[in-house]
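Colleague: Could you slot chain B with the ligands onto chain A? The hints should help.
Protein chains in written order, with our numbering: chain A, 1 to 252; chain B, 1 to 859.
Watch out, some of these pointers could steer you wrong.
[To be verified] Which stretches of chain A does chain B cover? Using the computed rule of at least three CB atoms under 8 Å from a CB of chain B, they are:
{"hint": "1", "stretch": "85 to 96"}
{"hint": "2", "stretch": "213 to 223"}
[Claimed, not checked] Straight-line alpha carbon distances no greater than 27 Å define the calculated DSSO-like cross-link-like pairs of lysine-lysine that follow:
{"hint": "3", "chain 1": "A", "residue 1": "K126", "chain 2": "B", "residue 2": "K410"}
{"hint": "4", "chain 1": "A", "residue 1": "K98", "chain 2": "B", "residue 2": "K146"}
{"hint": "5", "chain 1": "B", "residue 1": "K410", "chain 2": "B", "residue 2": "K467"}
{"hint": "6", "chain 1": "A", "residue 1": "K98", "chain 2": "A", "residue 2": "K127"}
{"hint": "7", "chain 1": "B", "residue 1": "K467", "chain 2": "A", "residue 2": "K128"}
{"hint": "8", "chain 1": "B", "residue 1": "K410", "chain 2": "A", "residue 2": "K85"}
{"hint": "9", "chain 1": "B", "residue 1": "K849", "chain 2": "A", "residue 2": "K89"}
{"hint": "10", "chain 1": "A", "residue 1": "K98", "chain 2": "A", "residue 2": "K46"}
{"hint": "11", "chain 1": "A", "residue 1": "K230", "chain 2": "A", "residue 2": "K248"}
{"hint": "12", "chain 1": "A", "residue 1": "K46", "chain 2": "A", "residue 2": "K19"}
{"hint": "13", "chain 1": "A", "residue 1": "K19", "chain 2": "A", "residue 2": "K85"}
{"hint": "14", "chain 1": "A", "residue 1": "K242", "chain 2": "A", "residue 2": "K46"}
{"hint": "15", "chain 1": "A", "residue 1": "K187", "chain 2": "A", "residue 2": "K230"}
{"hint": "16", "chain 1": "A", "residue 1": "K127", "chain 2": "B", "residue 2": "K146"}
{"hint": "17", "chain 1": "B", "residue 1": "K146", "chain 2": "B", "residue 2": "K110"}
{"hint": "18", "chain 1": "A", "residue 1": "K127", "chain 2": "B", "residue 2": "K467"}
{"hint": "19", "chain 1": "A", "residue 1": "K187", "chain 2": "A", "residue 2": "K248"}
{"hint": "20", "chain 1": "B", "residue 1": "K849", "chain 2": "A", "residue 2": "K126"}
Simulated from the structure, these hints should not be mistaken for laboratory data.
Just so it is clear, the structure is predicted and the values come from calculations on it, not from any experiment.
Note that beta-carbon positions come from the ideal geometry of N, C-alpha and C, so glycine has one too.
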Amino acid sequence: MTSLPPPTATNATHAAHAKGATKIYGTGDSEVRALDDVDVAFQRGKFTAIMGPSGSGKSTLMHCIAGLDSLTSGSVSIGDTDLSKLSDKALTQLRRDKVGFIFQAFNLIPTLTAYENIVLPLTLGKKKGDETWINRVIDTISLRDRLEHRPSELSGGQQQRVAIARALASQPDIIFADEPTGNLDSKTGTEVLTFMRRAVTDLGQTIVMVTHDATAASYADRIVFLADGKVAGEMFSPTAQKVLDYLKHLGE
Amino acid sequence: MLRLALKMTWARKGRLVLTSLAIILGTGFLSGTFVFRDTINQTFDRLFSDVFRDVDAYVRSTAFIELDFGGEQRAGTPISALETVRNVEGVVSATGDIQGFARVIGKDGKPLGSEGGGPPTFGSIASDDSAGLWSVVEGRLPNGPKDVMLDRATADNGEFIIGDTVRVIAARGAREFTLVGIASYGDISSPGGATFALFDQPTASEFLLEPGFVDAFLIEGDDSVSDEVLAQRIDAALADELKLETLTGAEITAEVQGQIKDVLNIFSTFLIVFSYIALGIGSFVIYNVFSITAAQRQRENALLRAIGASRRQVSRALLVEGTLMGVVGSLLGFAVGIGLSQLLNALLKATGFEVPTAGLAIKPGSLVNTMIAGVSVTVFAAWLPARRAGRVPPLAALRDTALDTAGNLKRRVIIGLVLIALGVVGLIAASNDAPIQVLGLGVLGVFAGILVLGPAIARPVALALGKPVAALRGVSGTMARQNAARNPKRTSRTAAPVLLGVALVTAFTALAASIRSEIRDTFGAAFSGDFALTVDSQGFGGIPLSVTDQIAGLDGVAQATGVGFTSVRIVDPNDTTVDPASMMRGNFVQTINPATIVGLFDLGVTEGDLSSLGRDGLFVDAGRATERGWQVGTRLQVIRIDGAVIDAEVRGLVSGETSFANYVASREMFADAPTPIFDSFVYIKAAQGAALDEVEARIAAISSDAGIGTLQSKEGFIDAQAAQVNQVLGLIYGLLGLSIIIAIVGIVITLLLSVFERRREIGLLRAVGMTRAQVRTTVRWESVITSLLGAVTGVVLGIVMGVVVVAALADDGDGITFRLPVTGTLVIVVISFILGVVAAIYPAWRATKVNVVEAISTT
Ligand SMILES: Nc1ncnc2c1ncn2[C@@H]1O[C@H](COP(=O)(O)OP(=O)(O)OP(=O)(O)O)[C@@H](O)[C@H]1O
Ligand SMILES: [Mg+2]
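Same shape as in the complex, but just chain A:
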C-alpha cells in the first residue's frame, strides 16, 4: 500500500478540510508539535477512519476540525465556513447545527433521558428538528423501548448508540467519533460500528472516526494514518488484514 498525495479540497465534495493545520502545545523546551502542517479533507457521504500511534495527534486533529480547539496556524473549514473567523458564539452554533460528536465514554448527560439526550442539540438551538428523520434514527438504533430511561439505566453499548443517535439527530454535515468503541466488548462494538456504517450508507451521513482497532477501521471507506503530527499515509476500502499489515510496515 502506497501513500497518496493529499486530495485537494473542493467544497462540493468535502464536508470538512484542514490546510497547513499546526498545533503546538507549550513553548521552548517543552514544546510539543501535536499537529505539524497537516492537510486533510473528508469527503461527503463517506466513512473515514483516522489511525496512528498513541500521541500522534489524532484527537487533536479531530478537536481542531470540529471547532472544539483552535489551531496555532493553518486553517480548517466545515463546509464553506472557515472556523478561524468565528466567534465563540458562532462556533457553538456551528457545533450545534453542523457537527455531531461521539466520544469514547461519558457521552450523555446523566440527568436527561435517552430521548432528551438524543434531541439535545436541537433543543439547545430551540429547534424541533425533522420528526420523521429522528424517528428513523431511533428505529435504526432500535432503542425505542428505552427512550425514557436515564443513561445510568442503559448498558455501555446502548449508551453509545444513543450518543450516535444524538450525533445524527440534527442531520449534521459531519460527525466526529473519538474511539467510540474503545470501551465496548467486541460484540457491542460490532453493533455500534455496523450502525455507523448504515448511517453512512443508508442515511447518507459523513463520519470521521478515530480508532486504534484495525477491525473497527475496516468498516470505513478510507483510512488516514497519522504519525508524529503528520499525515503518514492513506488507504481506501480497507480490510482488517490490510490495515494490520500496513501498521506493521509503518512501525518498521
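Modeller: Just chain B with the ligands now, with coordinates in the frame of chain A:
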C-alpha cells in the same frame, strides 16, 4: 500517612480556600465581637481612670436601690457635710458632684441629644476645685443661678457661643441660662456621645436634685498619707446618722468601670450569642463542603483502600485535612474579625454613639476562644464525612462517577418525622406551662427533624419548584431543575442556612404581627383620651410633673393624667424566706395621679378603687400578689431611694397589659422625696365641643416649651405602642441578614464544587452546542431553585412554629390570634430569589470557563 494526608491537602489548595471561607466567615463574626467588646471595655477603663485620676476619696450615701436593668440609684449626700470633710487632715479639696438628668434645647427649639435609646443627657456640677472632672476650654466656670457651661461637643452641635441664652430642661422644669463657658471631659469633648449641662453647685442641687444635696463628694488629698488612710479619716469624721460611706479613688474607679462593663456586656453578650448562631449556621456550610469533597474523592479514597490503606487511615487523612482547615480558617477568621470590629465601631460612630477608642484591644483570650470554636466546629463538621470516606469500598475505584444518594429514604423520613413529632409535643407542652427550656427543646426538635427529613423532601420539592423554570427556560431550565434534584443531600444542606433564617424570621414576624394587633386592641380599649404625650426615656428623666399639671389646666382640656415609673424596694415584713442578698433589689413602680386617671386610662383594676391609693397605698399585679400570697389589706414596706421607709398597704389589684409594672403607687408617695419623679406618659382628653386641632396646638406649645415629649393622637399613640414589637423584629432581621450572608457563601461554594465536579458534563454540553449564556442560565436557575427550596420549606416551618407558639401564648389567656404576615412572607421569597441569582454569578462564570477539550478528554 500523616505526611501523605498533608501533601494531599496541599495539592488541593483551591478547595482549602473554599472550605476555609465558610470557617473564616463563622469565626470572623465571633472574633469581631470579642475584639469589639475588649476594645470598648479598655476604652472605658482608661476613660474612668483618667476621670478619677485626681480623686483620692469619694463620699456617698449608703442608701441605694439596685435597678431592675442593672445599675443602682442612690440617695443624695447632704452638702452640709462638705465642710466636715474639708477639715479632715490631709484633704486638699472637696467638691460636690451630681450626675442628673438635663436636656439642652437647641436654637431651633428641639432638644439636643436623643430621647430614650441613645446616649444619656446629663446635668452636672462644674466647680473651680481641682478635684472637679471638667476643664474649661473657653470662657469661665458657672457661678450663680443664671450661669451654665456646656461640654464642647454639645456647644458645637448646638452652635452655641459664649453669651448665648441656653434653655435647659431638668427635674424642676425648663429654665433659661446664659452660656458662660465651654468645657471638656478629661481629653474628650463628649464622653460616649452624652450631653452635659454644667452649673455651680447650689444651682445644680436645686435644679437637678434637691436643694442642699449632691450625689457624692470628690476629694483630693495632699498625698501625705495613702488613699486608704485618708478614706478612713474622712469616714471617721462623718457622723454615723448621715449614713455616708467613703471609698478610695481606686475603689470608685473600679466600681464605675464595672458598672459600665455590665451595661456594655449585655450588648456584647448579645452580639456574641449572634456570632455563635452564625457559626452554628456556618457549620452546615462546612459540613456540606466536606461531604461534597469527600464524595468527589471517592475514587481516590477507594484507590488508597485498594492499595492497602485501612479505613482509619483514610478517615484520619480527612480529619487531618479538617483540622488543618479549622486552624487556617480560624486564624484568617480572627484577622477578618479585627476588621469587622473596626467596621462595627465605624457603624456606631455613624449612628452618633461616639465611642472614644483608645486603640484596638486584641487579647490572647479572644484568639484562643475563636480558635477553639472554629477548630472544634470544623473537626465536628468533618467527622461524619471522614467516617463515610473510610467506609468506601475499594471497588468504588473502578466505578465511574461519585454517587451521592439520599441514603435510606424510609429511615430518614421516619427519624425526621419522629423528631418533628417530639418537637411539636415539646411546643405543646410549653404551651401548657412547661418551662421555657421545653419550648427551646421543642424548636430544636423541629429543626433537627426538618434537617434529617431534608434530603428526603429536597428532591420532590426541588422538582416541583423547578417545573415552571423548566417550562420557561427550555433545556437550561430542565437541566437546572434536574441538577438541583440530583444530589438531594447536597441540595438540602445547601438550602439549610436559608431554611433556618427564613423559618425563624417567619415565625417571629407572625408572632410579632399577632402581638401587635393584640397591643392595638388592648390599648384601643384602655385609652379613652384624644392625645398622648410620651417620652421614651426608661427610668432616666422624663416629663416633669409640673408640665403634666400645666397641660391639665389648659383651655379645652377636660382631663389629663400622667403615668411615670420609678424604682423602690418592696419588703414584705412577714416573709422571712426572702434571700437577704435580693433585699437591695429594686422594684419598678408605676406612679399615677389617682385623681385624674379614672375614665382616661384603664389600668385593668380587678379589685379596689384607685382613689384609695393615697400616700401609703399600693396596687399590685394580681399574678405577683398570688405568687407572694398577698391580698388587699396586706401590709408592705416601701423603701424609697432616699432611704425613707413607708408603711404601705395593698389597696387593690390590677391585671392586664396596660399596666407596665407590677406595682402602682400614687405620685403622692414621692412628693417629699429628694429625687423628683417624672411622668413617661401624659394622657389627655379634650373637652366636649373643643376644636381638637386647637387643643393639640396648645399642648404642642407646652411640650415644645418644655423641650420634651412627643405628642401623638390616640391612633398615633396606639400605633407607636404596637410598633415597639418591631424593635425585637429588628434583631431577628439582623439574624436573617447573617444567615443570608452565610447562605450566599454556602451556595457559592456548593455551586463551585458542583461545577468542578460536572466539568465533563459541561464540556460535553458545550461540545454539542450549548452557548455560554445557556450554561450560565443553567447554573443560575439551579441556584435559585436551591435557595427557594430553603425559603419555601422555611416559610412552611416558620408558619407551623408561629401557629404553635401563638396558640401556646393564647392559652395564657392573652387571647392573641395567629396572623400570617403575607407581605413579609412574599418579601422573604423574593429575597431568596435574588439571593439565588446573586450567589450564582461567580460559579456561573466559572462554568462558562470550562475548557471543552480538557473536559472531554479527561478520563
Ligand atoms: N493540553 C495539552 N498540553 C500539552 N500537550 C498536549 C496537550 N494535549 C495533547 N498534547 C500532546 O499532543 C500530542 C498529541 O496528542 P493527542 O491527544 O492528539 O494524541 P492521540 O493521537 O489522540 O493519542 P491517543 O491515541 O493516545 O489518544 C501528544 O504528544 C500529547 O502529549
Ligand atoms: Mg486520543
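Colleague: Taking the hints in turn, state whether each one holds.
Modeller: Each hint, compared with the structure:
1. With 6 residues having a beta carbon nearer than 8 Å to a beta carbon of chain B, the stretch 85 to 96 of chain A meets the requirement of three or more and the stated coverage holds.
2. Counting residues of the stretch 213 to 223 of chain A whose CB lies closer than 8 Å to any CB of chain B gives 0, so the stated coverage by that chain is violated, three being the minimum.
3. Of the supplied pair hints, the one linking K126/A and K410/B is violated, its CA atoms being roughly 40 Å apart against a limit of 27 Å.
4. Of the pairs offered as hints, the one joining K98/A and K146/B is violated, with about 96 Å between alpha carbons and a cut-off of 27 Å exceeded.
5. Of the supplied pair hints, the one linking K410/B and K467/B holds, its CA atoms being roughly 25 Å apart against a limit of 27 Å.
6. With a C-alpha separation of about 13 Å, the suggested pairing of K98/A with K127/A holds against the 27 Å cut-off.
7. A hinted pair counts as satisfied when its Cα atoms are at most 27 Å apart, and K467/B with K128/A qualifies at roughly 21 Å.
8. Restraint check for K410/B and K85/A: the C-alpha separation of about 57 Å exceeds 27 Å, so the hint is violated.
9. A C-alpha spacing of about 14 Å is found between K849/B and K89/A, which places the hinted pair at or below 27 Å, so the restraint holds.
10. Taking the CA atoms of K98/A and K46/A, the gap is near 16 Å; set against the 27 Å cutoff, the hint holds.
11. Between K230/A and K248/A the CA atoms are separated by roughly 18 Å; this keeps the pair inside 27 Å, and the hint holds.
12. About 20 Å separates the Cα atoms of K46/A and K19/A, which keeps this hinted pair within 27 Å; it holds.
13. Proposed proximity of K19/A and K85/A is supported: the alpha carbons are some 15 Å apart, at most 27 Å.
14. Among the hinted pairs, K242/A with K46/A is consistent with the structure: their alpha-carbon atoms are about 19 Å apart, no more than 27 Å.
15. With a CA separation close to 33 Å, the supplied pair K187/A and K230/A exceeds the 27 Å bound.
16. Of the supplied pair hints, the one linking K127/A and K146/B is violated, its CA atoms being roughly 90 Å apart against a limit of 27 Å.
17. Distance restraint check for K146/B and K110/B: the Cα-Cα separation of roughly 21 Å lies within the 27 Å cut-off, and the hinted pair is therefore satisfied.
18. With a C-alpha separation of about 21 Å, the suggested pairing of K127/A with K467/B holds against the 27 Å cut-off.
19. With a C-alpha separation of about 25 Å, the suggested pairing of K187/A with K248/A holds against the 27 Å cut-off.
20. Between K849/B and K126/A the CA atoms are separated by roughly 23 Å; this keeps the pair inside 27 Å, and the hint holds.
Violation of the numbered hints given earlier is confined to hints 2, 3, 4, 8, 15, 16; the remaining hints are satisfied by the structure.
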